[in-house]
Amino acid sequence: MSKGDLNIDNILKDRLSSFEGKIPLSDWNIIEKKLNRRKRIFIFYWSSITLLLLIGSFVLYNSATKNYKEYNLKTENLRTFKKPIEKNTLNKEIENKIVLKYPKTEKNNKNSNLNSIATETYNSNEQKSNIGIEYIQLDLISKFVSDLYNFNMSSIEKSKILNLNKPIYNSNKSNCKFSIEIGVNFSPSIGMEAIKENAKMNKFINHSYFNAIAGSSSFGNGMNNGLNMQINYNKKWFISSGINFKEYSVYHSFDYTISEFPNVDILQGILKYLPKSPENVKYEGKGLLKFINIPLLFGYRHYFTPSLGIESKTGINLSKFSTGQGKSVNPTYLHLEDYSRENIRNWSKGYTLSTGIFYKSKRNFIFTLEPNYSSMIGSAYKKSYPVKNRLYNYGLNFNINYIIK
Numbered sequence: 001m002s003k004g005d006l007n008i009d010n011i012l013k014d015r016l017s018s019f020e021g022k023i024p025l026s027d028w029n030i031i032e033k034k035l036n037r038r039k040r041i042f043i044f045y046w047s048s049i050t051l052l053l054l055i056g057s058f059v060l061y062n063s064a065t066k067n068y069k070e071y072n073l074k075t076e077n078l079r080t081f082k083k084p085i086e087k088n089t090l091n092k093e094i095e096n097k098i099v100l101k102y103p104k105t106e107k108n109n110k111n112s113n114l115n116s117i118a119t120e121t122y123n124s125n126e127q128k129s130n131i132g133i134e135y136i137q138l139d140l141i142s143k144f145v146s147d148l149y150n151f152n153m154s155s156i157e158k159s160k161i162l163n164l165n166k167p168i169y170n171s172n173k174s175n176c177k178f179s180i181e182i183g184v185n186f187s188p189s190i191g192m193e194a195i196k197e198n199a200k201m202n203k204f205i206n207h208s209y210f211n212a213i214a215g216s217s218s219f220g221n222g223m224n225n226g227l228n229m230q231i232n233y234n235k236k237w238f239i240s241s242g243i244n245f246k247e248y249s250v251y252h253s254f255d256y257t258i259s260e261f262p263n264v265d266i267l268q269g270i271l272k273y274l275p276k277s278p279e280n281v282k283y284e285g286k287g288l289l290k291f292i293n294i295p296l297l298f299g300y301r302h303y304f305t306p307s308l309g310i311e312s313k314t315g316i317n318l319s320k321f322s323t324g325q326g327k328s329v330n331p332t333y334l335h336l337e338d339y340s341r342e343n344i345r346n347w348s349k350g351y352t353l354s355t356g357i358f359y360k361s362k363r364n365f366i367f368t369l370e371p372n373y374s375s376m377i378g379s380a381y382k383k384s385y386p387v388k389n390r391l392y393n394y395g396l397n398f399n400i401n402y403i404i405k
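For the sequence shown, the numbering used here begins at 1 and goes up steadily by one.
Mixed in with the good hints, there may be bad ones.
[What the hints assert, rightly or not] Result set (SDA-like, lysine to any residue): computed pairs, CA atoms no more than 20 Å apart in a straight line:
#, residue 1, residue 2
1, Lys382, Glu197
2, Lys236, Leu369
3, Lys236, Gly356
Worth flagging that the hints you see were computed from the coordinates, not collected in a lab.
Work the whole structure out from these sequences, hints included.
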């Protein structure tokens, strides 16, 4: 809590105490918890609204560009390509060509026959006339075949031009390098806590703490979930972000006797460190720290088949402390205390690493199953706390994303 907030609280205490008498500290703690809860709800809802607005703007922009490209392709096709010619009209054109080009074939045949009969005096002359007739017929056939050949070549060229419509659209579609995904993720996880002394606060630490407590913690279970948005480049590289609810958990099992105390000067006014009679402490339970997490991840996908492959991603995240459950041990006087904002930082940083397999369905859904590892950068405790801790989280992440083209 900042100095400004403390001054405001002191003013409120003085004003309220002047009207209703002195208010117990427990009431102030209840009021503070309610205000913090409202603040967390406010942050969550505004973050969700911002994420939805971003997703909606991307969807509208993508659909608008897609419709614009389709409209341009249709207008270009109408301007470039002519209407295909029907088969019946083509056959009529062939027949007209034959009739117009060779209208006097029968007369030529008759004239050749008359000439052959007039000059016919013996069998050799008759054979010559027959050869002339066959030559004329072959000439007609060759010209007819050449016309058909030219017609077929022109029709093939037209069909090739008409078939260019599909490749042009598909090439534009394949050249689209960017795509967007939105989805949800669920990740059951286990957590662990590592502890070391804070060198700046070494004189306040009860050094029996590390003998009695440091090795008395084990893995605790938690659950991570949230919304994510992903921008893909060339179907392989991607950037992912979103908003997640992350839990770091550890299981404590304390059983020790307080018999030693730190050597602290009483003149400093730290009365809670004064020696007391030996006291036995027994406690078992899960310590759970909940955070609102905003990640920024970079990843790569490798396709074995059009629908199956592996992906890896890593990045950093910014975490806002939400609530704490369970108890820990204060290392100065070895008594139990709650996880709260008095000893946990409000903001923390961390990193994440994951690798797994994915399956892409025909309906543009991508299902991903991947083990993931995450840890905080630095201690979750405040700088003034006598010890530093490092929280670790191991989980199995399941993502369901939808590709927006």
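Hints, one by one, checked against the model:
For the proposed pair Lys382 and Glu197, the alpha carbon gap of about 13 Å is at most 20 Å, so the pair holds. Simply put, Lys236 and Leu369 have alpha-carbon atoms about 17 Å apart, close enough for the 20 Å limit, and the pair holds. This hinted pair checks out: Lys236 and Gly356 have alpha carbons roughly 14 Å apart, not beyond 20 Å.
No hint from the list above goes unmet by this structure.
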